[in-house]
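S.K.: Taken in sequence, the protein lines are chains A and B.
First residue of the first sequence: 1, per our numbering; consecutive thereafter.
First residue of the second sequence: 664, per our numbering; consecutive thereafter.
By construction, these hints were calculated from the structure, which means they are not laboratory data.
Treat the hints with care, as some may be off.
With the C-beta cut set under 10 Å, the calculated list includes, among others, these residues of chain B facing chain A [unchecked claim]:
(1) Tyr680
(2) Val683
(3) Glu685
(4) Asp699
(5) Thr724
(6) Pro776
(7) Gln780
Positions of the beta carbon are idealized from the N, C-alpha and C atoms, including for glycine.
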Amino acid sequence: MQKPSTSDRDAHLNPFAFPSETDIRFLLLVLAIAGSTMILVQALIGIFIESTLIAFPSALIVTVSLFVIAWHQARQSAAKTIEVNKWQPFPPQKADLLQSALFQQMDRYIQQTVANVSELASEKIQFIWDETSRSSTLPTGMAFGFGKQQYVCLRQGLHEAFIQFPESPTFQSVLMHELGHIANRDVSKTVFATSLGQCFFPIAISSVVVFTVYTLWAVCDRLVKGITLDPTQPGIREIINTNIKIIILLLIVEIARASILRVREYYADARARNWLGTSTTLTQFFLEQLEPSPQKNSTLKNKHQRGRLYVWEFLEQQFRLKLAPFHPTHHQRISRLENPRHLFSLSYEVALLAGFLSGVSLNANMIIFSIFTELSNFNSQLNQSVQAANEPTLLVILTILLFFALTLVFSAIFLAVFVVFGLIPIVGTVGLQIQQAAFADCAQPTQPRLLTLQRLMAVSLVLGTGFILGCLLSPFIHALSMRTSEAAIPWFGIFGLAIGWAGVFFIWIVSIARLAKSLYLNHAESSIPRQKRRWLTRLSGFLLFPIFLWMCMVQILFGAQAVKPDLFSVSALVIGCMISGAFAFVLYGIIWVVGWNIGSARGWFRNPQCPHCNSVINNQSGLLQNCHECDRSITSWAWLPLPVSLPPPPSLFVPVLDTPPPL
Amino acid sequence: MLTDTQDGKTLINEAAYRIVGENAPQELPLYVTTRDQYFADPERFVQVVEAEDEPSGIGATIAVTTLTKVVFPILTPILSYVLDKVAEALQEEGSERASEWVRSLFKDTKPKPVFTQAQLEVIASTIQDIARTEADRLELKPLQARTVSDSVIARLALAKI
């Protein structure tokens, strides 16, 4: 394999210097499923028991159990898949000597390739052979497994592709792509995401069924008792409304799950490209798949011959094609292979999902506020008991201690809910994307900018709109809900809130971009800046906290004013919001300054020194690859690594016999 | 159909092995498995496997088309036709003789000349038509089908009177 020239390599940043979008979306899925399970279980329990003190911990227990079961299922899945499909270890035993020799050669080639790739050195990969499944004749592979058990399934069709290697790019493309999944460590995440989906959907669907049954029961009960349906109608409307919102929530979870599968393909392609040192092999492979193929025509014909598609099948097909495909199109893959800079760009889809999931989960878990009311009631009861008691001193001390202990627990839970469901979906996704896009922009200032002012504004608006949509589409009414059956913030007010959220996110995004630029541009080391990235991620969480909390408070107060207009006047509300906003932004500024000082004290924001000759490096015109004094590599972490040295293509001498093999 | 009789299978086996050996010897390790799959169920052999959007795979791919996969379904109707023509030419010697004659085409021995140039031209043109039609019907690569038909035509040219 010919190594690319230095100038080819110079053009591309290493997409693996930062957490991949797969990790970001995986985090979103985990939070989406955790948040949705909490919402659904609390609501289900709420039908029978009104106490939040029971509903919230129960929901928490169910959610944790769901994750434990999914983890267990994921661990078992590889062994189960192999057993069910009757797959066998590779290379398979064959009576035919020629075939056996070819399998040995293929195995040798694969093992040599794995041995030459440093990213796979710590992995113990087992290769599995599939000649039993329906699509085994196709030249594909599949990386699967969980934890330390990593497998690559090789299909029978790949054996035929191996014969045509190196003339045809199929074998090498498929092999390197599947090994790319292992090196990217996305196999366990994919399997866990699938198991999570399998565990979550029964809970979700049973909730929809229970709500529907409850609605029907409520209507029938009133009809049987001869009660007019009039008072029930708003309730029925609310429950239908709830069902629709739950279904939307389920679709969002499935979209998030499919998006992990889709995005991880880009990174597996990118990893294969890094190893091969060129995008040509993979691009050629995808181009071959794009060519008009008789097989694709036949698939279409088969579908037409089948006549009508059932409505459900049609809807499912459209949903899978348009909203939640498992794979990107070949065109999209080719475009990212040819320009890995795409992997640094901002994703509006991630911003929308992050905003939505943050809004829906945070709003639904605002049920925690009800606990506060219950705690107050409990405290009043204690007070009464103390007053009636014979020895009040001891009881007073105990009451005060209990009150403080409960308040502390409540505050901790409130903070955890706020951080897990409100901040992490945004900081861990959009925040990280901003960091890497800012880095790409300052590293290669001559390339088209990824973070233009318009893009920053657009992503803030998408994030803000996503948050508002999440609050609006939250299946149950809680503190952050803005429209209820009784009262609602007018639509222009909701629009104003969306703009307010967008403004808050914009300020936050600009701050992160500024810090990321200074932080990464001055990282002149061979290892990736993992410590700096973690520090900046934590700092961006602290930065978002006061302004996010303030904006939540604004939304809650406007919502409360809409329900009870006599609670306080709009003008008083606006003044209150402005004063609290000023405090929030002052706190924001203080955190920013403290963060900047900490970074400066560690020397992260000043021009770095060459680790070889100690000369000061000036990176203002872009990230330098080599020191201008000693010409040695100083930022190897940021650029595409050199390709791996692959074994020579196999050559098998096949003797042609005078007589054919007997029948 | 040729694949229904042992004699027919033997003839296909000899011709197909020779064609693959000459044009794509690197595929010979696949030969026995592919041949046995074809003889076991010729109808199923030519059915197209739909490319699926499998969540954990590389994405929708199309099957690799080796000459070994194409040679059997293309060769069977061609050999049936050639057998008929040889039987016509060897009227007095019977169909068994015709089969032996066709088999000899794919061995190193030179077959007994039975066709005139004019007859050969008609036969060659028909063989090409059969290959084209079958490739189109079964959605196989036309170039590979052409390789099969050309190999048979080249052999028949040896039998010119």
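S.K.: None of the hints should be skipped; say for each whether it holds.
M.R.: Do the hints match the structure? See the list:
1. Using the Cβ-Cβ criterion of 10 Å, the hint placing Tyr680/B at the interface with chain A is satisfied: the shortest such distance is roughly 3 Å.
2. Hint status for Val683/B: holds, given a least beta-carbon distance of 9 Å to chain A, under 10 Å.
3. Checking Glu685/B against chain A by beta carbon gives a least distance of about 8 Å; that is within 10 Å, so the hint holds.
4. For the restraint placing Asp699/B at the interface with chain A, the shortest Cβ-Cβ distance is roughly 8 Å, inside the 10 Å limit, so the hint holds.
5. A distance limit of 10 Å between C-beta atoms decides the matter here; for Thr724/B the minimum to chain A is near 5 Å, and the interface restraint holds.
6. About 23 Å separates the beta-carbon of Pro776/B from the nearest beta-carbon of chain A, more than 10 Å, and the hint is not met.
7. Because the closest C-beta pair between Gln780/B and chain A is about 30 Å apart, greater than 10 Å, the hint is violated.
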